[in-house]
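Enquirer: Single-letter residue listing:
Protein chains: 2
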Amino acid sequence: MRPGDVIQTKRDGGELSRAQIDAFVRAAARTEGSGWEPYHLTALLMAIYLNGMTAAETAYLTQAMADSGTRLDLSDISGPKVDKHSTGGVGDKTSLILGPLAAACGVLVPMMSGRGLGHSGGTLDKLEAIPGFNVNLSERQLRDALAKVGLGMMGQTKDVAPADKTLYALRDVTATVESIPLITASILSKKLSEGIGGLVMDVKTGRGAFMKTRARSRELAESIVRVGTANGLRTTAMITAMDAPLGRYVGNALEVIESIETLKGNGPPDLTELSVKLAARMVELAGIADAEAKVRAALTSGAGLDVFRKCIEQQGGDPKVIDEYSRLGVPTPSMVPVKAPRDGYVTDIDAEKVGVAVRDVGGGRSRAEDKIDHSVGIVIRAKPGEQVRAGDNVLEVWFRDDTKFAAAWPTIGAAVTFGDAPPSPEPLILEEIT
Amino acid sequence: MRPGDVIQTKRDGGELSRAQIDAFVRAAARTEGSGWEPYHLTALLMAIYLNGMTAAETAYLTQAMADSGTRLDLSDISGPKVDKHSTGGVGDKTSLILGPLAAACGVLVPMMSGRGLGHSGGTLDKLEAIPGFNVNLSERQLRDALAKVGLGMMGQTKDVAPADKTLYALRDVTATVESIPLITASILSKKLSEGIGGLVMDVKTGRGAFMKTRARSRELAESIVRVGTANGLRTTAMITAMDAPLGRYVGNALEVIESIETLKGNGPPDLTELSVKLAARMVELAGIADAEAKVRAALTSGAGLDVFRKCIEQQGGDPKVIDEYSRLGVPTPSMVPVKAPRDGYVTDIDAEKVGVAVRDVGGGRSRAEDKIDHSVGIVIRAKPGEQVRAGDNVLEVWFRDDTKFAAAWPTIGAAVTFGDAPPSPEPLILEEIT
Numbered sequence: 144m145r146p147g148d149v150i151q152t153k154r155d156g157g158e159l160s161r162a163q164i165d166a167f168v169r170a171a172a173r174t175e176g177s178g179w180e181p182y183h184l185t186a187l188l189m190a191i192y193l194n195g196m197t198a199a200e201t202a203y204l205t206q207a208m209a210d211s212g213t214r215l216d217l218s219d220i221s222g223p224k225v226d227k228h229s230t231g232g233v234g235d236k237t238s239l240i241l242g243p244l245a246a247a248c249g250v251l252v253p254m255m256s257g258r259g260l261g262h263s264g265g266t267l268d269k270l271e272a273i274p275g276f277n278v279n280l281s282e283r284q285l286r287d288a289l290a291k292v293g294l295g296m297m298g299q300t301k302d303v304a305p306a307d308k309t310l311y312a313l314r315d316v317t318a319t320v321e322s323i324p325l326i327t328a329s330i331l332s333k334k335l336s337e338g339i340g341g342l343v344m345d346v347k348t349g350r351g352a353f354m355k356t357r358a359r360s361r362e363l364a365e366s367i368v369r370v371g372t373a374n375g376l377r378t379t380a381m382i383t384a385m386d387a388p389l390g391r392y393v394g395n396a397l398e399v400i401e402s403i404e405t406l407k408g409n410g411p412p413d414l415t416e417l418s419v420k421l422a423a424r425m426v427e428l429a430g431i432a433d434a435e436a437k438v439r440a441a442l443t444s445g446a447g448l449d450v451f452r453k454c455i456e457q458q459g460g461d462p463k464v465i466d467e468y469s470r471l472g473v474p475t476p477s478m479v480p481v482k483a484p485r486d487g488y489v490t491d492i493d494a495e496k497v498g499v500a501v502r503d504v505g506g507g508r509s510r511a512e513d514k515i516d517h518s519v520g521i522v523i524r525a526k527p528g529e530q531v532r533a534g535d536n537v538l539e540v541w542f543r544d545d546t547k548f549a550a551a552w553p554t555i556g557a558a559v560t561f562g563d564a565p566p567s568p569e570p571l572i573l574e575e576i577t
Numbered sequence: 144m145r146p147g148d149v150i151q152t153k154r155d156g157g158e159l160s161r162a163q164i165d166a167f168v169r170a171a172a173r174t175e176g177s178g179w180e181p182y183h184l185t186a187l188l189m190a191i192y193l194n195g196m197t198a199a200e201t202a203y204l205t206q207a208m209a210d211s212g213t214r215l216d217l218s219d220i221s222g223p224k225v226d227k228h229s230t231g232g233v234g235d236k237t238s239l240i241l242g243p244l245a246a247a248c249g250v251l252v253p254m255m256s257g258r259g260l261g262h263s264g265g266t267l268d269k270l271e272a273i274p275g276f277n278v279n280l281s282e283r284q285l286r287d288a289l290a291k292v293g294l295g296m297m298g299q300t301k302d303v304a305p306a307d308k309t310l311y312a313l314r315d316v317t318a319t320v321e322s323i324p325l326i327t328a329s330i331l332s333k334k335l336s337e338g339i340g341g342l343v344m345d346v347k348t349g350r351g352a353f354m355k356t357r358a359r360s361r362e363l364a365e366s367i368v369r370v371g372t373a374n375g376l377r378t379t380a381m382i383t384a385m386d387a388p389l390g391r392y393v394g395n396a397l398e399v400i401e402s403i404e405t406l407k408g409n410g411p412p413d414l415t416e417l418s419v420k421l422a423a424r425m426v427e428l429a430g431i432a433d434a435e436a437k438v439r440a441a442l443t444s445g446a447g448l449d450v451f452r453k454c455i456e457q458q459g460g461d462p463k464v465i466d467e468y469s470r471l472g473v474p475t476p477s478m479v480p481v482k483a484p485r486d487g488y489v490t491d492i493d494a495e496k497v498g499v500a501v502r503d504v505g506g507g508r509s510r511a512e513d514k515i516d517h518s519v520g521i522v523i524r525a526k527p528g529e530q531v532r533a534g535d536n537v538l539e540v541w542f543r544d545d546t547k548f549a550a551a552w553p554t555i556g557a558a559v560t561f562g563d564a565p566p567s568p569e570p571l572i573l574e575e576i577t
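Here the protein sequences come in this chain order: A and B. Quick note on numbering: the first sequence equals residues 144 to 577 in my numbering. Quick note on numbering: the second sequence equals residues 144 to 577 in my numbering.
Each hint should be verified, as a subset may be incorrect.
[To be verified] Here are some, though not all, of the chain A residues that point toward chain B, as calculated from beta-carbon distances under 10 Å:
hint, residue
1, V149
2, T152
3, S177
4, E180
5, Y182
6, L193
7, T197
8, D210
9, D315
10, A318
11, I400
12, G430
13, D433
[To be verified] Negatives, chain B to chain A, calculated, CB over 12 Å:
hint, residue
14, R145
15, P146
16, A172
17, L188
18, A190
19, L215
20, T300
21, T319
22, E321
23, A446
24, E467
25, P484
26, E539
27, T554
[Stated by the list, open to error] Every beta carbon over 12 Å from chain A, so not counted as near; a handful from chain B, in silico:
hint, residue
28, D155
29, G156
30, V320
31, P476
32, G528
Just so you know, these hints were derived from the structure itself, not from any lab. The beta-carbon is built from N, C-alpha and C at its ideal position, and this holds for glycine as well.
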């Protein structure tokens with residue numbers, strides 16, 4: 144099968160056959176002798192971007208991409224395995240909260256996460272703010288963690304969906320990232336490789352999200368639910384608001400602190416509520432009754448916090464951070480506040496600007512190879528809708544490097560809006576797709 | 144300027160700026176440090192294929208591609224310089240006839256042609272059937288030929304539009320050839336490099352043509368006229384039929400013979416008429432009055448034949464071929480005829496099948512690196528509309544290699560259709576675009 148013929152099919156708006164998709168995915172996984180070059184792949188990616196894919200094509204592409212690598216088989220471990228995945232946001236540390244909560248309710252959570260890039264953070268980076276925490280688990284270590292803790296939090300091994308790695312790198316530089324079928328296949332091929340039976344998807348929507356509009360977010364959520372289900376994965380999706388940061392802390396170590404506080408019952412309402420709802424969906428997908436009540440009980444009893452403590456210990460981290468935040472190495476020496484210029488209300492905090500600013504003071508990455516400073520970040524003292532007096536701290540920016548701070552400052556200053564009245568409250572969970 | 148941003152502009156249906164087109168073309172010409180890889184180029188080519196280009200974009204792309212290489216400056220040679228270009232057909236040897244005719248009327252013809260590929264032939268291959276004929280002229284040799292003969296027939300040097308070479312090679316393997324703006328820029332960037340002031344374009348349409356439909360042919364003709372004119376080239380186009388082969392001889396040496404016969408006044412009516420009309424348009428573009436009458440006079444007086452003889456001599460060929468066709472090395476030892484199975488009329492000869500058959504007996508190329516046998520080909524004894532008796536030769540296939548002949552025979556046999564009545568005659572010149 145010649146690459147040009149496969150490309151031509153999609154160029155002309157046709158449906159790719161399974162054999163054509165296999166050829167494409169084998170090429171992306173760099174199987175020798177495929178006869179494809181990267182320039183064939185990108186021409187096809189652009190044709191897919193512009194002409195789309197049917198549900199059947201997307202489902203088979205997802206399966207073929209998962210099959211391009213190792214797929215964990217956890218069927219010998221008894222118990223329901225469920226994971227959660229988010230499209231990424233600012234201040235979104237729910238994984239650190241709902242993973243322990245779901246595990247405390249009897250769900251096995253083999254969670255493979257990614258790193259932060261651009262304005263959004265990554266679970267692995269947050270976990271690595273905990274001294275000693277090892278996210279590079281082998282399959283054996285993951286099985287051990289599931290058996291002892293019910294939760295393993297790790298990065299993807301290089302054997303997981305290698306076709307996705309090639310395709311994502313090419314999409315990133317050829318303006319073909321924002322394609323619903325390609326995003327769907329990228330996310331789900333990796334989730335299928337985890338050996339789970341259920342997946343809760345958090346599709347963020349808004350200014351600080353990957354998908355900026357509600358319509359596109361819904362399109363993606365529906366595609367993921369449809370394609371996950373077609374591949375034998377019980378899948379449910381929530382569309383949740385990401386116009387303002389989630390919670391009050393943005394930055395890796397800061398987000399670990401807020402996660403622990405939430406598991407202690409002291410979390411901000413938005414973060415607590417979303418974490419509970421997502422965990423409840425996981426517990427439901429695991430086939431456990433009274434899911435939400437059980438999750439709330441795990442929160443108030445401290446059972447969730449206990450799982451997190453064990454998880455840290457199991458993965459080589461220092462469990463004392465749970466009680467001594469100073470072991471996380473924050474705060475850093477320098478803090479500059481954004482003060483309210485007047486009496487009134489915070490009407491808006493732009494999640495994307497906050498994310499970019501945290502990245503720019505060193506808490507995130509512009510390129511995949513950038514090093515992260517776990518200790519820097521932004522604390523939100525007044526969230527949208529909260530009243531302030533002139534001179535109150537609204538944001539506090541923690542940083543280490545003056546030059547980076549100076550570069551980030553204009554973005555930080557533009558992130559907050561003030562007004563005479565509070566904005567009308569918007570729901571955080573906008574929609575559920577099942 | 145990042146490649147992804149340029150690609151995104153076209154992906155979203157926007158108009159590329161001149162700076163964006165410059166970046167793309169510089170990259171295609173392999174300027175060091177461009178930051179572009181072939182996989183960027185093909186993603187953009189697919190976006191152009193699917194989202195098109197405005198007239199202004201196409202015009203600037205054409206200019207930038209011409210500027211990516213050496214553009215001949217013949218302004219020191221006084222006299223009008225005009226060329227003709229065809230999109231390629233079967234039995235289309237008009238260049239060998241109209242070049243000499245136009246030159247005999249006072250036009251300077253710096254003709255850069257290509258080689259055959261697939262089912263269509265190439266002028267350079269035909270000329271090389273003449274023993275000793277050198278198509279690899281330097282600029283100095285071309286200037287000399289124009290001064291002494293008024294006509295130089297050569298291949299493109301490697302310095303001509305190098306961006307086009309890269310882009311064409313990538314389009315060929317990524318299903319992005321059939322794009323009107325990309326075809327326009329490819330053809331005209333090379334023609335602009337010839338230092339001509341006028342161009343007559345022969346856009347073939349039909350089964351044996353690159354453009355199969357009249358609508359697409361018209362679209363291409365209009366694009367070429369518009370973009371040529373925008374780049375300061377007086378451009379006119381004819382849309383001509385290519386359902387059946389042009390003339391009676393197909394194959395390199397055979398086509399040289401038919402061209403000479405035509406210049407001697409003994410050519411088949413279709414070939415003679417089209418050559419005269421195209422030559423007349425060249426003479427008109429040169430600003431010479433009574434163009435068609437002058438071309439016909441050059442034909443009947445033998446002035447055109449005389450130019451061709453001088454051209455052969457000037458370029459190192461054996462001018463005695465004009466009077467002794469045996470010097471061309473045809474016929475080859477073996478001939479098998481296709482005979483009429485019944486009394487009646489030839490109603491159809493499929494140009495594409497004839498072209499493919501000639502290629503398959505060794506007269507053309509499947510790949511650019513294939514070697515050509517100049518002596519093989521097909522002679523059409525009865526053209527569509529001509530009466531035959533059962534047993535008459537309709538086609539005569541001249542070949543050297545029995546295995547190749549056997550492979551080509553089914554195609555040859557399917558090329559001719561017979562009937563009880565002649566088909567209604569169709570015009571050869573369908574339309575003119577100016």
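Enquirer: Could you check if D210(A) really has its C-beta closer than 10 Å to a C-beta on chain B?
Expert: 24 Å, violated
Enquirer: Are all beta-carbon distances from G156(B) to chain A longer than 12 Å?
Expert: 9 Å, violated
Enquirer: Find the nearest Cβ of chain A to the Cβ of T300(B) and say whether that gap is larger than 12 Å.
Expert: Correct as stated: the minimum Cβ-Cβ distance to chain A is 26 Å, above 12 Å.
Enquirer: Since P146(B) was said not to touch the interface, does its Cβ keep a gap of more than 12 Å from each Cβ of chain A?
Expert: Violated, because the least Cβ-Cβ distance between P146(B) and chain A comes to about 7 Å, which does not exceed 12 Å.
Enquirer: Given E180(A) was flagged as interface, is its beta-carbon under 10 Å from a beta-carbon of chain B?
Expert: This interface hint holds because 7 Å falls under the 10 Å limit.
Enquirer: Far enough from chain A: is every CB of that chain over 12 Å from the CB of A446(B)?
Expert: 47 Å, holds
Enquirer: May I ask you to check that E321(B) keeps its beta-carbon over 12 Å from the closest beta-carbon of chain A?
Expert: The assertion about E321(B) is violated, with a minimum of 9 Å to chain A.
Enquirer: Does V320(B) clear chain A by more than 12 Å, comparing its Cβ with all Cβ atoms of that chain?
Expert: At about 9 Å from chain A, V320(B) fails to clear the 12 Å cut-off, so the statement is violated.
Enquirer: Determine whether the non-interface label on A190(B) survives the test: each CB of chain A must be over 12 Å from its CB.
Expert: 5 Å, violated
Enquirer: Does T319(B) sit more than 12 Å from chain A, CB to CB?
Expert: For T319(B), whose nearest Cβ neighbour in chain A is about 7 Å away, the distance does not exceed 12 Å, so it is violated.
Enquirer: Non-interface claim for R145(B): all C-beta distances to chain A beyond 12 Å?
Expert: 8 Å, violated
Enquirer: Is it correct that the beta-carbon of G528(B) has no partner in chain A closer than or equal to 12 Å?
Expert: Answer for G528(B): holds, closest chain A Cβ roughly 36 Å.
Hint violations for this structure: numbers 3, 7, 8, 11, 12, 13, 14, 15, 17, 18, 21, 22, 28, 29 and 30, all remaining hints satisfied.
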